[in-house]
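Colleague: So the chains spell out like this:
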Amino acid sequence: MWLWFAKLGSPRWFYELSDKWLPWLYLSMLIMMSIGLFWALLIVPEDYQQGQTIRIMYIHVPVASISLACFPLMAVAGTITLVWKMKLADMVAQSVAPIGAWFTGLALATGAIWGDQIWGTWWAWDARLTSLLIQFFLFIGVIALRSAIDSTDAAAKACAVLAIVGAINVPIIKYSVDWWNTLHQPASNFSMDPVSPNPPEVWVPLLVMICAVYIFFAIALILRTRNEILQRERRSQWVIDLVAREKNV
Amino acid sequence: MPTSQQNPATDPPPLIQAQALFCERDERILFSDLHFDLTGGELVQIKGSNGSGKTSLLRILCGLNEDFSGEILWKGEPVAEVREDFLASMTYIGHRAGVNRILTPRENLRWSASLQAPADDKQIVEALGRLGLRAYEDIPCRNLSAGQTQRVALARLLISRASVWILDEPFTTLDVHGVKNLENLLAEHVSAGGAVMLTTHHPLSVNCKARALDLDQHRINS
Amino acid sequence: MPTSQQNPATDPPPLIQAQALFCERDERILFSDLHFDLTGGELVQIKGSNGSGKTSLLRILCGLNEDFSGEILWKGEPVAEVREDFLASMTYIGHRAGVNRILTPRENLRWSASLQAPADDKQIVEALGRLGLRAYEDIPCRNLSAGQTQRVALARLLISRASVWILDEPFTTLDVHGVKNLENLLAEHVSAGGAVMLTTHHPLSVNCKARALDLDQHRINS
Amino acid sequence: MNNAREIQDIKGVSTWSAFCATLRRDLVIALKRRNDLLNPIMFFLIVVSLFPLGISPDPVELSRVSAGVVWVSALLASMLSLDNLYRADYEDGSLEQLLLSPQPLYFLVLAKNIAHWLISGLPVVILSPLLAYMLYLPSEAYWTMVLTLLIGTPVLSLFGSIGVALTVGLGSRGLILAVIVLPLATPVLIIGAKAVTDVMVGLPVGSHFALLGAILALALTMAPLASAAALRISVN
Amino acid sequence: MNNAREIQDIKGVSTWSAFCATLRRDLVIALKRRNDLLNPIMFFLIVVSLFPLGISPDPVELSRVSAGVVWVSALLASMLSLDNLYRADYEDGSLEQLLLSPQPLYFLVLAKNIAHWLISGLPVVILSPLLAYMLYLPSEAYWTMVLTLLIGTPVLSLFGSIGVALTVGLGSRGLILAVIVLPLATPVLIIGAKAVTDVMVGLPVGSHFALLGAILALALTMAPLASAAALRISVN
Ligand code: HEM
Ligand SMILES: Nc1ncnc2c1ncn2[C@@H]1O[C@H](COP(=O)(O)OP(=O)(O)OP(=O)(O)O)[C@@H](O)[C@H]1O
Ligand SMILES: Nc1ncnc2c1ncn2[C@@H]1O[C@H](COP(=O)(O)OP(=O)(O)OP(=O)(O)O)[C@@H](O)[C@H]1O
Ligand SMILES: [Mg+2]
Ligand SMILES: [Mg+2]
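Protein chains in written order, with my numbering: chain C, 1 to 249; chain G, 1 to 222; chain Z, 1 to 222; chain A, 1 to 236; chain Y, 1 to 236.
Each hint should be verified, as a subset may be incorrect.
To be verified - Listed next, the in silico DSSO-like pairs over lysine-lysine satisfying Cα-Cα at most 30 Å (straight line): (1) G:K209 with G:K47; (2) Z:K180 with G:K209; (3) G:K180 with Z:K209; (4) G:K47 with G:K75; (5) A:K32 with C:K174; (6) Z:K180 with G:K47; (7) G:K180 with Z:K180; (8) C:K85 with C:K20; (9) G:K180 with Z:K47; (10) C:K85 with G:K75; (11) G:K47 with Z:K47; (12) G:K122 with Y:K32; (13) Z:K209 with A:K32.
No lab work stands behind these hints, which were simulated from the structure alone.
Please read all numbers here as calculations on a predicted model, not as lab measurements.
Based on the sequences and whatever the hints tell you, model everything.
Modeller: Written out as structure tokens, the structure reads:
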């Protein structure tokens with residue numbers, strides 16, 4: 001019985017809750033983003049060897065780290081969908097997929113641009129790059145599957161299964177690639193630990209940017225999910241009322 | 001008769017009880033608050049025009065289709081909890097015959113048997129003969145005609161010792177003798193205490209306890 | 001009546017003449033020395049038990065199946081020589097409906113029309129409505145029920161201005177109204193001078209010139 | 001088959017409309033299954049990136065094999081997508097309708113092949129430079145590769161169509177298809193890859209293009225006839 | 001899914017017999033379609049021989065890429081043959097029968113996967129030395145290659161099965177399957193190919209085998225469950 005309740009109840013609950021959150025999220029993102037960008041682009045000194053290109057880091061690292069976070073998130077949502085049949089979870093999962101794909105693509109792009117400056121090539125079959133690329137493929141697979149199945153419920157479960165299987169694979173892929181390549185290109189296996197060798201004025205803004213981008217990610221996710229909720233619940237009473245109210249205002 | 005009018009104290013719980021079934025397919029409600037039950041020794045024919053939801057209902061009953069709401073009881077317990085017992089005593093034959101085109105009828109049946117209720121070769125040949133497929137046991141099913149394929153599928157009913165038969169338009173492509181033949185089978189099974197739930201558009205004439213469930217007006221008319 | 005008794009001088013050559021048809025499928029002779037003809041304004045129902053060769057015969061007639069011997073004439077000439085004329089004025093609907101599951105009924109019919117006889121959107125909607133599929137024009141066919149899909153296939157008959165209809169068990173999965181509906185269509189077509197050749201296992205009741213060709217005993221009984 | 005021309009003359013107009021209708025139909029089907037458009041590209045991408053994973057990430061080695069890898073992947077991509085060419089039509093009976101059309105089968109089959117190329121071949125051609133870059137193909141070879149692919153992939157579709165038509169009736173797919181089609185397609189592969197590698201070492205490639213063009217012309221005229229005949233046989 | 005165990009205990013015997021019957025059935029079907037047995041080998045042969053054509057006949061270069069090529073081809077071969085895993089059963093309705101069996105789906109699916117591997121994976125493994133020879137793989141690497149394939153190909157079948165199960169209900173096939181399955185298969189490919197190349201340069205390969213074994217164990221326990229769940233969804 002409560003299952004049924006969870007199914008119908010939670011989307012609305014989330015929708016109304018997120019109504020309250022969003023303003024604060026917007027605000028905090030604005031502040032941090034402006035501080036972070038200002039700091040990163042104007043204040044941070046040029047890197048002695050990388051020059052201006054170091055500034056790419058401030059967008060690349062946050063984006064990349066989020067892109068890594070997306071798949072597990074999707075898998076968790078999928079598990080909830082399968083086990084507790086919670087509709088909201090699937091809506092989140094559906095919203096994460098494209099966002100994750102975009103962020104992964106962005107990480108690839110920024111990385112590529114940076115790589116063009118540092119390594120003199122847009123692409124190298126470096127462990128980290130490759131694993132991210134494969135993760136990108138996994139995202140595409142989930143999206144393709146979702147768009148291929150037209151029954152919403154079936155698509156939800158199918159994508160959940162795929163997301164879980166994929167999530168089990170992501171670490172395996174990362175590991176296998178990692179050690180596959182450590183022999184080949186240690187040079188390109190570039191890891192600049194942002195903390196120790198660099199002065200705080202380099203990594204503090206990085207932290208700020210990371211937070212800002214995370215909040216941005218949260219906002220995007222919430223907005224997409226809200227859309228999805230309205231889309232799927234369009235025939236439930238509360239949505240109809242909502243729309244009516246919007247019209248009157 | 002609807003469950004409500006039935007006194008659970010007196011008679012044993014019916015084999016299948018469907019309570020408040022609700023199913024909608026792309027925005028169209030097929031049936032809502034559908035109550036009925038299927039007891040041993042009776043045949044229920046599901047009537048309804050094309051697209052009224054007969055196939056959907058049958059698939060929901062045997063658990064192939066899960067997007068519905070409502071409760072299905074098997075011998076009084078939620079079917080989810082006694083699933084394997086339910087499956088062990090139910091046979092479903094749908095629009096798609098479930099007959100592999102490369103294997104012969106014999107091999108097809110052997111596999112079906114192993115899935116549900118073991119049957120030896122004699123029984124299989126017997127079953128096929130009973131459905132007028134003697135001499136066709138070893139012809140690859142791709143070379144069988146539409147009706148013959150359907151007969152192979154129906155032969156499963158004979159080898160599975162299931163008490164509940166769920167049949168979706170079993171008479172399709174059967175010729176006159178085939179229809180008679182199947183009607184006799186159904187009557188036998190029901191008289192022997194089995195239960196049958198089927199859909200068909202052709203006027204059914206079986207001499208056993210039979211009632212109709214018309215989906216076009218959601219109620220059971222005895 | 002058999003061709004032999006007919007006097008070619010008096011009446012125009014029948015639309016289709018089959019002469020000495022012989023077909024055997026893996027060592028079993030389905031029919032041999034089969035003579036019959038199909039003239040405008042009549043309906044021929046091919047009878048026969050399952051596996052008697054009805055489908056094979058129909059596919060042979062419309063040229064889908066070529067392993068047979070014998071002669072098939074279209075308006076008196078060997079069909080091979082007037083193939084495109086024959087195809088232009090013949091419509092075949094077989095066991096498999098020929099309806100794409102991804103496209104909508106409207107799109108399916110539009111394509112069929114473009115293949116044989118151009119039809120504009122109004123005619124298509126009309127045809128679908130005539131078969132009780134109003135409001136289903138734009139639902140992907142995968143979401144249609146068995147009977148609805150069959151109706152989409154049958155709608156082809158209305159938009160193709162073919163004079164000869166060759167139908168293999170067109171009544172399968174149609175509900176009672178659907179059957180009536182189709183029977184009226186057939187009657188109309190025949191009364192309008194068209195010719196119909198169909199197989200079905202269900203008792204046909206059309207009010208037009210109809211005869212049966214029973215494959216179980218190879219002869220035409222008027 | 002060879003009466004195709006005559007019929008066309010008899011009712012050219014409606015043949016043309018049937019051609020367009022068939023082309024449109026196949027494209028619409030692909031558009032409705034959105035990922036039919038996405039998949040060839042993704043497959044191409046994935047397969048191409050399998051090789052560095054399997055072989056080695058070393059730029060020097062990769063750049064040597066890049067031409068071959070891109071071509072083999074393109075071949076496989078167009079071959080895998082072939083499966084959707086007649087299969088669905090066969091299963092739902094549309095193929096019978098196609099065969100029973102009074103229109104010349106040549107043009108209907110051609111329409112389906114063109115649709116298939118537009119869906120599966122063209123995207124691959126467009127994407128190829130990116131992959132060439134990832135495989136360190138020398139930049140001077142880009143244009144040659146794109147052009148060879150542009151001429152070659154239609155041939156793959158046309159030849160492939162024959163294979164599918166022959167095997168559409170059979171229960172098992174995928175592989176038998178590959179076994180029939182791949183040998184047919186190897187000449188194209190060899191010439192295409194050779195042209196690219198030749199450019200890399202600075203040899204002239206005009207002859208290769210001439211050859212590819214000739215093959216394409218041949219395929220355009222003959223292959224649809226063969227496919228049509230094959231379809232007649234499979235449906236029988 | 002997780003009640004699989006219990007049911008087995010309830011009627012272990014008949015579960016076993018159902019397992020065997022399903023395995024036998026799939027093998028019989030493959031035997032009757034003789035080319036099901038031939039195809040994987042042929043495809044493997046053809047794809048592998050495409051590379052000398054596409055890349056270059058130079059022994060030195062070939063021997064360097066040989067390991068990767070053999071592995072990629074094996075991967076593609078088993079992927080192409082996947083299509084036959086549930087497709088026919090779905091279309092003729094046998095799949096519904098499978099799902100409606102009181103037996104635990106885990107074992108039935110496992111049986112089908114094993115059958116698939118015996119048909120498409122094993123022949124490839126057996127044939128691989130020949131191809132390795134054709135590609136001038138150093139002879140000391142033969143055994144490693146055969147063994148890695150022997151452990152790796154079952155994983156491909158098991159993972160692939162999930163992909164097919166997810167996509168069996170869809171109209172379009174082939175490519176979306178590849179797009180879903182190939183990324184999952186990359187670790188096996190990387191490790192397998194790496195092991196072979198390592199042996200060629202005389203490095204120890206124990207760890208690679210350990211890894212492959214671990215993956216296989218994981219796949220054997222998890223993949224059939226996922227496939228079973230996926231089948232339930234697709235048939236729904
Ligand atoms: C297409 C190219 C690239 C891709 C796909 C890529 C991907 C990644 C990923 C996945 C991470 C991990 C993020 C995390 O762990 O939170 C990362 C971090 C990082 N990347 Fe990149 N990267 C690329 C190119 C580059 C280049 C060219 C540089 C600079 C020379 C660079 C510098 C960094 C740094 C400094 C970090 C943060 C340190 C760390 O988290 O380990 N990346 N990148
Ligand atoms: N492709 C085939 N290859 C070999 N034999 C076949 C093939 N198709 C049908 N047959 C044989 O031909 C006989 C007639 O088949 P056909 O489908 O014409 O029968 P039918 O009259 O249509 O039966 P039904 O009423 O069941 O449709 C069958 O007994 C079958 O064994
Ligand atoms: N997979 C599906 N997705 C969405 N809607 C569907 C699906 N299958 C069927 N429907 C819809 O459900 C309705 C009922 O379908 P169903 O097959 O149960 O009808 P039916 O009673 O079996 O009809 P018939 O007598 O023609 O078999 C149909 O109107 C159809 O539009
Ligand atoms: Mg139905
Ligand atoms: Mg028939």
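Colleague: For each hint, tell me whether it holds in the structure or not.
Modeller: How the hints compare with the structure:
For the hint linking G:K209 to G:K47, the alpha-carbon distance of about 16 Å falls within 30 Å, and the restraint holds. Taken as a hint, the Z:K180 and G:K209 pair is honoured in the structure, with Cα atoms around 29 Å apart against an allowance of 30 Å. Only pairs whose Cα atoms come within 30 Å are accepted, and G:K180 paired with Z:K209 is accepted, the gap being roughly 29 Å. Of the supplied pair hints, the one linking G:K47 and G:K75 holds, its CA atoms being roughly 24 Å apart against a limit of 30 Å.
Only pairs whose Cα atoms come within 30 Å are accepted, and A:K32 paired with C:K174 is rejected, the gap being roughly 35 Å. Annotation: proposed proximity of Z:K180 to G:K47 holds, straight-line Cα distance about 17 Å (limit 30 Å). The hinted pair formed by G:K180 and Z:K180 meets the criterion: a straight-line CA distance of about 23 Å does not exceed 30 Å. Distance restraint check for C:K85 and C:K20: the Cα-Cα separation of roughly 26 Å lies within the 30 Å cut-off, and the hinted pair is therefore satisfied.
Proximity of G:K180 to Z:K47 is assessed by CA-CA distance (about 16 Å); at most 30 Å being required, the pair is judged to hold. Proposed proximity of C:K85 and G:K75 is supported: the alpha carbons are some 26 Å apart, at most 30 Å. For the hint linking G:K47 to Z:K47, the alpha-carbon distance of about 27 Å falls within 30 Å, and the restraint holds. Using a Cα cut-off of 30 Å, the hinted pair G:K122 and Y:K32 holds, with the two alpha carbons roughly 24 Å apart.
Pair hint Z:K209 plus A:K32 does not hold up; C-alpha atoms about 45 Å apart against a cutoff of 30 Å.
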